[in-house]
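Next come the chains, spelled out residue by residue.
There are 2 protein chains.
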Amino acid sequence: MRGKLLAVALWGAASSAAVAGPVESSLTASAAAAQQYAPLFKSEMELARSFVDQMIEAGVVVPVPKDPGGGYTHEQHKRNYKAIYEGGQLYRITGERKYADYVRDMLLAYAKLYPTLAEHPARKDSQSSGRIFWQVLNDAMWMVHAIQGYEAVRGSLSESDRNNIDDNLFRTAAAFLSTGSAETFSKIHNHATWATAGVGMTGYVLGDKELVDIALLGLDKSGQTGFLRQSELLFSPDGYYTEGPYYQRFALKPFVVFAGVIEKNDPARKIFEHRDGILLKALRTTIQLTYDGYFFPFNDAIKDKSLQTDELFHGVAVAYSKTRDPGLLSIAQWQGRTVLTDDGKLVADDLAAGKAKSFPFKSLLLSDGPEGDQGAVAILRQGDSTSGQALVAKNSSQGMGHGHFDKLSWQYYDNGNEIVSDYGAARFLNIEAKDGGRYLPENESWAKQSIAHNTLVVDEKSHFDGDEKLADTIAPRQLYFSDVEGAQISSAVIEGAYPGTSFTRTLALLDVDSLSEPVVIDVVRVRSDKANQYDLPLHYQGHIMRVGFETKSNITARPVLGTDNGYQHIWVDAVGKSQEQNGFVTTLLDDRFYTYRFVPQRGSETILAEIGANDPSFNLRREPIVIQRVNNAQNITFVSMLEAHGRYDGAAEQTVEGDSQIKSLGHESVNGADIVFVETLDGKKTAFAISYDSDPEKKHSVKVGGQMLNWTGFAARIDLPSGKAQQ
Amino acid sequence: MRGKLLAVALWGAASSAAVAGPVESSLTASAAAAQQYAPLFKSEMELARSFVDQMIEAGVVVPVPKDPGGGYTHEQHKRNYKAIYEGGQLYRITGERKYADYVRDMLLAYAKLYPTLAEHPARKDSQSSGRIFWQVLNDAMWMVHAIQGYEAVRGSLSESDRNNIDDNLFRTAAAFLSTGSAETFSKIHNHATWATAGVGMTGYVLGDKELVDIALLGLDKSGQTGFLRQSELLFSPDGYYTEGPYYQRFALKPFVVFAGVIEKNDPARKIFEHRDGILLKALRTTIQLTYDGYFFPFNDAIKDKSLQTDELFHGVAVAYSKTRDPGLLSIAQWQGRTVLTDDGKLVADDLAAGKAKSFPFKSLLLSDGPEGDQGAVAILRQGDSTSGQALVAKNSSQGMGHGHFDKLSWQYYDNGNEIVSDYGAARFLNIEAKDGGRYLPENESWAKQSIAHNTLVVDEKSHFDGDEKLADTIAPRQLYFSDVEGAQISSAVIEGAYPGTSFTRTLALLDVDSLSEPVVIDVVRVRSDKANQYDLPLHYQGHIMRVGFETKSNITARPVLGTDNGYQHIWVDAVGKSQEQNGFVTTLLDDRFYTYRFVPQRGSETILAEIGANDPSFNLRREPIVIQRVNNAQNITFVSMLEAHGRYDGAAEQTVEGDSQIKSLGHESVNGADIVFVETLDGKKTAFAISYDSDPEKKHSVKVGGQMLNWTGFAARIDLPSGKAQQ
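Protein chains in written order, with our numbering: chain S, 7 to 733; chain L, 7 to 733.
Hints were generated in silico from the structure; no laboratory data involved.
There may be inaccurate statements among the hints.
Unchecked claim - Straight line, CA to CA, 27 Å or less: simulated DSSO-like cross-link-like pairs of lysine-lysine:
1) 690(S) with 709(S)
2) 72(S) with 669(L)
3) 669(S) with 72(L)
Please work from the sequences and hints to get the whole structure.
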């Protein structure tokens with residue numbers, strides 16, 4: 007095969023040398039034309055030219071499939087579909103024949119190869135094999151890109167070439183991806199979205215209504231599966247994709263690209279108005295699910311994914327073209343990229359015309375589930391989306407196979423950093439040395455487990471005992487949400503994560519008098535029909551500056567915390583018992599200090615730990631944890647607080663407020679209400695009261711320490727007079 | 007005291023309210039004048055105004071000394087001397103009376119406090135106590151700043167205020183810092199430089215020749231101690247300061263600032279020509295000792311120190327004023343800062359006039375020791391100083407009390423990152439929670455020890471058995487240095503770090519045919535009169551991707567490597583034996599891969615480890631190590647190589663060359679020469695030959711594997727024909 011391809015490459019080189027004169031003048035003409043393009047579009051054309059010209063230089067190289075993700079043939083076929091797509095766009099924009107010729111030669115090579123392929127040699131038993139790639143998903147992605155490149159050049163081809171490519175490549179591949187991969191094609195899942203988009207777009211290009219119909223309505227055309235049904239079931243009414251932001255970003259591209267094609271070919275279908283405009287709503291929601299441009303790493307997520315990704319270049323362009331929302335232009339500006347379509351040209355033109363406005367990042371509640379009743383994600387923001395605070399409560403449903411057992415977990419961002427963190431996926435995408443770039447065994451043994459998240463763990467077992475099928479049937483319930491600045495609140499309950507045990511978590515981003523930054527208050531109320539061991543871990547980024555309580559440290563031999571469900575990956579550094587106000591740990595990250603403080607529980611201990619045990623292949627990042635552990639308790643309420651404070655300036659050698667500014671954190675349960683008291687070093691007192699009563703009009707009064715506290719509704723912040731003894 | 011100070015503050019507020027009209031118009035006038043200043047100087051004035059105005063607003067607060075570094079009184083007195091200095095400069099530049107009044111009031115408060123002070127309550131036994139601060143060094147820094155502020159306003163004061171401040175504050179403080187702290191004052195050490203600068207500058211301002219003389223020539227005026235002698239003994243002829251770059255930066259400020267004052271008051275002394283212009287040479291050398299603007303962290307060094315530090319703002323301004331070297335302007339540009347002196351104004355003006363040129367960062371050899379015969383630091387660079395390669399060989403002398411037992415250790419930078427790293431100091435500067443911001447116990451138990459560095463360790467003992475006094479008497483000897491691009495080489499030997507054992511290290515930054523980046527070759531030749539255990543550690547930054555050899559992993563209980571000399575801080579993750587070509591570890595840092603490869607020794611084992619054992623206070627950063635260990639060997643040669651390769655692009659999900667591009671690394675010792683062979687995957691072969699013969703003209707020939715290798719001089723790179731079997 008390689009020998010044959012080399013011949014094609016040489017021929018290509020000779021051919022372009024022979025027509026050097028005309029090609030050059032054509033280049034000159036198009037260079038002049040390029041002057042008319044807005045800077046963003048022009049730089050996009052230059053990027054594409056640079057890439058495709060290099061590919062043309064290297065010749066058509068279509069190797070026989072062999073390697074898994076990250077390996078040579080995998081990466082080469084990825085480069086190829088990118089070159090086919092971009093070469094097609096460049097031909098459409100510039101009319102330069104060399105691009106059409108290159109795309110044609112590439113597709114002819116695939117038309118020759120494709121019919122000879124069977125199951126991929128590097129396929130994994132747990133996933134459907136592709137033909138060109140080790141998993142069928144990549145084949146679908148190949149098709150989504152290649153068919154768009156083909157569409158741009160198809161009219162310029164000879165009839166025989168066209169028939170050859172139509173039949174041997176795209177029809178054969180469409181058959182494989184649809185009827186040939188019926189199980190994947192019929193899923194309600196992002197893999198199926200790529201497959202239906204590829205097949206449907208092929209249908210439009212080949213004029214094959216059958217392919218369009220099965221793509222839109224499923225193999226049996228009943229509408230129970232297929233692209234339309236996916237858009238109804240995969241996104242919640244708020245445009246949240248149940249697998250989480252990382253896959254939402256990934257899934258979005260075939261949704262918006264195929265929708266754009268449907269709109270063009272079949273405008274009467276009003277695809278962008280389908281289900282109350284769900285596709286554009288999903289695009290905006292994807293953008294909201296970020297801090298400093300990076301996605302919240304729910305579930306299986308690679309943490310270096312930001313809005314600066316190909317899927318979102320397409321998404322923003324298509325959405326802007328439909329809505330002309332100037333906030334999207336600022337996203338394109340941040341991305342510094344767009345796409346080589348008419349939509350991308352519009353984005354570049356309007357950006358150059360100064361039409362951009364800030365994207366309105368804000369606090370919001372995103373329901374999960376097709377009907378919006380499968381829990382929710384709550385985002386509480388203060389300050390800007392780049393350096394301000396963002397508290398994220400993940401009260402959403404399991405999210406299928408890529409879901410983690412992390413009900414009611416939370417994350418926190420401040421000062422441009424992830425402070426309270428989520429591990430994301432245990433995977434080094436496309437790095438051959440790490441299991442071929444696939445999900446690592448530690449993704450199951452650590453990343454998915456409950457103890458790997460900022461959630462409650464009962465008796466060292468994961469939620470639903472790690473049963474994904476069961477987990478998909480039971481979602482948390484969002485009890486309350488408030489985005490009122492100064493007392494932003496989310497509260498949710500999960501019943502069924504553990505038999506006989508339910509827990510309710512209330513998180514607040516609370517202004518406290520005399521502190522410059524809001525604090526996080528975290529109240530986890532557990533109710534059980536029996537005594538259990540409870541662990542409440544906090545995964546954080548930063549270096550420990552001070553531990554408030556005495557610890558017994560494992561300094562000469564480091565033991566492992568447990569044997570299963572993720573506990574086997576935890577090294578125990580130290581264990582201590584805290585009392586009164588010494589239950590805190592202060593850390594430093596970059597130039598800001600953070601104190602995690604908690605109300606000590608009777609008989610509790612606090613574990614300072616680090617990930618990395620039972621990891622012989624060094625697959626895990628070594629990250630720290632603090633765990634509040636209570637043995638043999640039945641009903642219990644964990645009250646914790648996270649406080650950002652001070653500044654460390656290494657250059658100027660100045661440190662300000664390196665220690666916590668809090669004098670005390672207290673908690674009382676009165677008549678079913680939880681009251682949290684915060685007192686600052688300078689004597690300012692603030693209470694946070696939770697009635698757990700969803701009636702927004704209902705007034706509540708409790709007497710604590712001889713003082714009446716009054717508030718209305720589910721929860722509230724209450725300023726207390728200074729200088730009086732509280733509790 | 008506080009009550010009294012509050013009264014001063016209130017008075018200050020009332021006074022400024024009473025004269026609001028005139029003050030305002032004066033502000034307006036100066037605002038107009040400020041328009042004439044170049045942007046950098048203007049922004050510097052605005053920074054100073056913002057700081058000093060806040061300080062004026064807060065009133066004069068001069069607390070009784072109480073806290074150690076990082077504590078309240080420590081930080082307040084630091085703020086005060088900064089305000090005195092900047093307030094004085096602002097008065098000199100703008101003529102605004104409020105600044106002179108504020109500086110006066112502040113100094114009057116100090117004149118009242120100072121005579122009442124005795125030893126500082128937070129003094130540390132091992133260091134000389136100050137009066138205002140816990141160590142006398144900080145008092146000297148206070149004086150260097152305060153006397154400059156005082157000089158600017160002194161002429162505007164009433165005679166009684168002037169006499170009060172002259173006598174009760176500065177004369178008293180100068181007496182304390184000189185005769186009252188004779189031991190510190192008479193040292194050849196940076197603490198003494200600050201003290202002599204403070205006392206000498208006070209002498210010039212008060213017109214007190216005695217103070218000037220003892221500052222320049224020592225308490226006995228013999229010239230055996232004092233500022234001039236310090237400039238002769240503390241810097242090598244190449245301007246290298248024996249304590250290392252971190253303290254070089256720190257020491258530089260009193261040197262250049264006091265020199266500037268000497269030049270102004272006593273130009274006939276030609277201080278900047280003293281010892282062949284050593285002070286300006288030292289400034290340039292300080293800048294050369296950086297990568298991406300950050301100092302090489304030799305010895306006790308805080309790693310977040312860059313050129314963007316107050317000392318260097320002064321240094322660059324003074325040096326530019328003397329030399330008009332346009333390369334210094336680009337450093338000022340990178341700093342984005344300058345100083346409020348005439349020199350700073352010149353820098354800002356010439357920068358605005360577009361006179362800046364790139365600073366010529368380059369490969370160089372910096373001799374150590376007053377006579378240049380106490381070893382050297384070799385810097386090998388390729389590419390730019392921000393993202394290119396820099397290999398640093400620390401073949402310098404011990405460097406006194408802040409020195410580390412790290413003879414012949416090395417560091418490596420690439421792609422904007424530290425790759426082969428040095429721990430620096432175990433210290434959190436000015437963070438109260440960490441032992442008051444002082445050096446931590448782990449600075450002795452870990453950071454100074456040999457195993458904490460990239461150097462040879464014999465029998466688990468540090469160099470000179472950790473004896474600092476002995477270490478100061480024995481320096482390495484630089485054998486060879488070449489800055490020829492493509493084969494940059496440094497070679498040095500240390501005899502006496504271990505009894506009966508010497509070792510020679512040759513490091514090369516070597517171009518290898520078909521690799522895009524140069525590789526590092528590291529040859530450590532050990533000669534001993536008996537059998538020993540040898541450890542060769544590599545401290546690196548990055549995440550392990552692949553380990554070439556089988557390992558036995560400590561995955562369920564993590565043991566400690568040893569009991570003393572730093573070994574007690576090392577957790578052992580895994581141990582393995584390598585053979586033939588499987589002796590390598592591949593890591594990922596940011597978007598680039600690195601493979602550390604070594605020629606396996608007979609009976610050797612390789613230890614994969616991490617710092618953090620015996621660290622109950624979490625004082626150490628958790629960083630990884632690879633250790634090549636050979637037991638019971640006498641003469642031995644370690645041959646290792648570091649190769650940067652490939653690219654990981656998380657956004658585009660592309661990985662290129664994630665695995666090493668090297669097929670084999672080999673080594674032969676022939677007739678006293680060491681020959682290293684490198685073969686790439688595509689069959690390109692390169693040899694690196696070391697004769698250890700310092701005669702640059704001498705021709706060498708050795709026969710290896712039937713092939714003659716010829717080169718001239720100490721060491722050379724030799725291209726070998728491909729496709730022939732080597733060794």
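> Going through the earlier hints one by one, which of them does the structure break, listed in rising order?
Replying inline: none
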